[in-house]
Amino acid sequence: RYGIPDAPRFSYRLPGQNMTEYPISTALFFGKKIPIAGGGYFRLFPYWFTRMALRRINKKEGKPFVFYVHPWEIDPEQPRMKEARALSRFRHYVNLNKTYDRLRQLLHDFSFGPLGSGPV
Numbered sequence: 053r054y055g056i057p058d059a060p061r062f063s064y065r066l067p068g069q070n071m072t073e074y075p076i077s078t079a080l081f082f083g084k085k086i087p088i089a090g091g092g093y094f095r096l097f098p099y100w101f102t103r104m105a106l107r108r109i110n111k112k113e114g115k116p117f118v119f120y121v122h123p124w125e126i127d128p129e130q131p132r133m134k135e136a137r138a139l140s141r142f143r144h145y146v147n148l149n150k151t152y153d154r155l156r157q158l159l160h161d162f163s164f165g166p167l168g169s170g171p172v
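If you count the sequence shown from 1, position 87 lands on 139 in my numbering, and the numbers rise without skipping.
Calculated from the structure, these hints are not laboratory results. Cβ coordinates follow ideal geometry from the N, Cα and C atoms, glycine included. Treat the hints with care, as some may be off.
Claimed, not checked - Simulated restraints on C-beta separations:
| id | residue 1 | residue 2 | range |
| --- | --- | --- | --- |
| 1 | LEU167 | ALA138 | 29 to 39 Å |
| 2 | SER169 | PRO60 | 15 to 25 Å |
| 3 | ARG65 | TYR120 | 16 to 26 Å |
| 4 | GLN69 | LYS150 | 38 to 48 Å |
| 5 | GLY168 | ARG137 | 31 to 41 Å |
| 6 | ALA136 | ARG65 | 38 to 48 Å |
| 7 | GLU113 | MET133 | 35 to 45 Å |
| 8 | PHE164 | PRO98 | 14 to 24 Å |
To be verified - For lysine-lysine, the following BS3-like pairs were computed, each having C-alpha atoms within a straight-line distance of at most 27 Å:
| id | residue 1 | residue 2 |
| --- | --- | --- |
| 9 | LYS85 | LYS112 |
| 10 | LYS111 | LYS85 |
| 11 | LYS112 | LYS84 |
| 12 | LYS85 | LYS150 |
| 13 | LYS150 | LYS134 |
Using the sequences provided together with the hints, build the complete structure.
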């Protein structure tokens, strides 16, 4: 769930180690970190909101964003788990039928590269 509230929002070297962490991107709204870069949040928020938040990271903050999607999120025909609680079902299945098209649009709207190809 996007980690620790005071954690850095962008890539950073771990102190005393030769390792870089690339946290999943969050956007700042009214001083609060809002998760917007994948998973359930990509399915829950309208695409225009996700695009606006990711563009803000790129343009206003001058940073790349880290985005992810689970493979099951592009399969709207997956079996439904009727035994799960209502909130769990909502989180898991909301907008599954839109994920593939949103992902295609995201790939069209932005340029992507491998981790480590940008500034740290």
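To see whether the hints hold, each was checked on the structure:
{"no.": "1", "hint": "LEU167 with ALA138: 29 to 39 Å", "result": "holds (36 Å)"}
{"no.": "2", "hint": "SER169 with PRO60: 15 to 25 Å", "result": "holds (19 Å)"}
{"no.": "3", "hint": "ARG65 with TYR120: 16 to 26 Å", "result": "holds (21 Å)"}
{"no.": "4", "hint": "GLN69 with LYS150: 38 to 48 Å", "result": "holds (40 Å)"}
{"no.": "5", "hint": "GLY168 with ARG137: 31 to 41 Å", "result": "holds (39 Å)"}
{"no.": "6", "hint": "ALA136 with ARG65: 38 to 48 Å", "result": "holds (40 Å)"}
{"no.": "7", "hint": "GLU113 with MET133: 35 to 45 Å", "result": "holds (38 Å)"}
{"no.": "8", "hint": "PHE164 with PRO98: 14 to 24 Å", "result": "holds (21 Å)"}
{"no.": "9", "hint": "LYS85 with LYS112", "result": "holds (16 Å)"}
{"no.": "10", "hint": "LYS111 with LYS85", "result": "holds (17 Å)"}
{"no.": "11", "hint": "LYS112 with LYS84", "result": "holds (16 Å)"}
{"no.": "12", "hint": "LYS85 with LYS150", "result": "holds (25 Å)"}
{"no.": "13", "hint": "LYS150 with LYS134", "result": "holds (21 Å)"}
Checked against the numbered hints above, the structure violates none of them.
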